[in-house]
Amino acid sequence: MSDADGILLTENAAVLNRWGEYCSDHYNYCSNQTRLLQNDLRPEADDESQSILKAEVEAVRSLKADTSPG
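Mapping to full-length UniProt numbering: the sequence shown position 58 is 58, numbers consecutive.
Simulated from the structure, these hints should not be mistaken for lab results.
Hints are not guaranteed to be accurate.
What follows is a list of derived Cβ distance ranges for each label pair [said to hold, decoys possible]:
no. : residue 1 : residue 2 : range
1   : 2         : 28        : 54 to 64 Å
2   : 25        : 67        : 19 to 29 Å
3   : 55        : 4         : 12 to 22 Å
4   : 27        : 2         : 15 to 25 Å
5   : 24        : 65        : 55 to 65 Å
6   : 3         : 53        : 55 to 65 Å
It should be emphasised that the depicted structure is a prediction, and the values quoted were computed from it without experimental measurement.
Virtual Cβ for every residue (Gly too), placed ideally from N, Cα, C.
Starting from the given sequences, assemble the full structure and let the hints guide the process.
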């Protein structure tokens with residue numbers, strides 16, 4: 001195993017320390033990417049996208065009671 005600079009590590013303590021650094025960097029990167037993706041996927045909140053259309057209400061009211069759609 002090599003350190004961040006590419007120098008070969010031969011001592012057990014140094015290898016364990018490097019694995020800790022690697023995992024920490026890897027998971028921090030993944031959590032940051034996930035957080036960025038989650039922020040990008042959230043739709044902008046505006047009045048049009050949040051309002052229920054009259055046609056939607058009428059469609060739900062026209063469904064038969066106690067039956068499954070389809």
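*Quick one: which hint numbers does this structure break? Sort them smallest to largest.*
1, 2, 3
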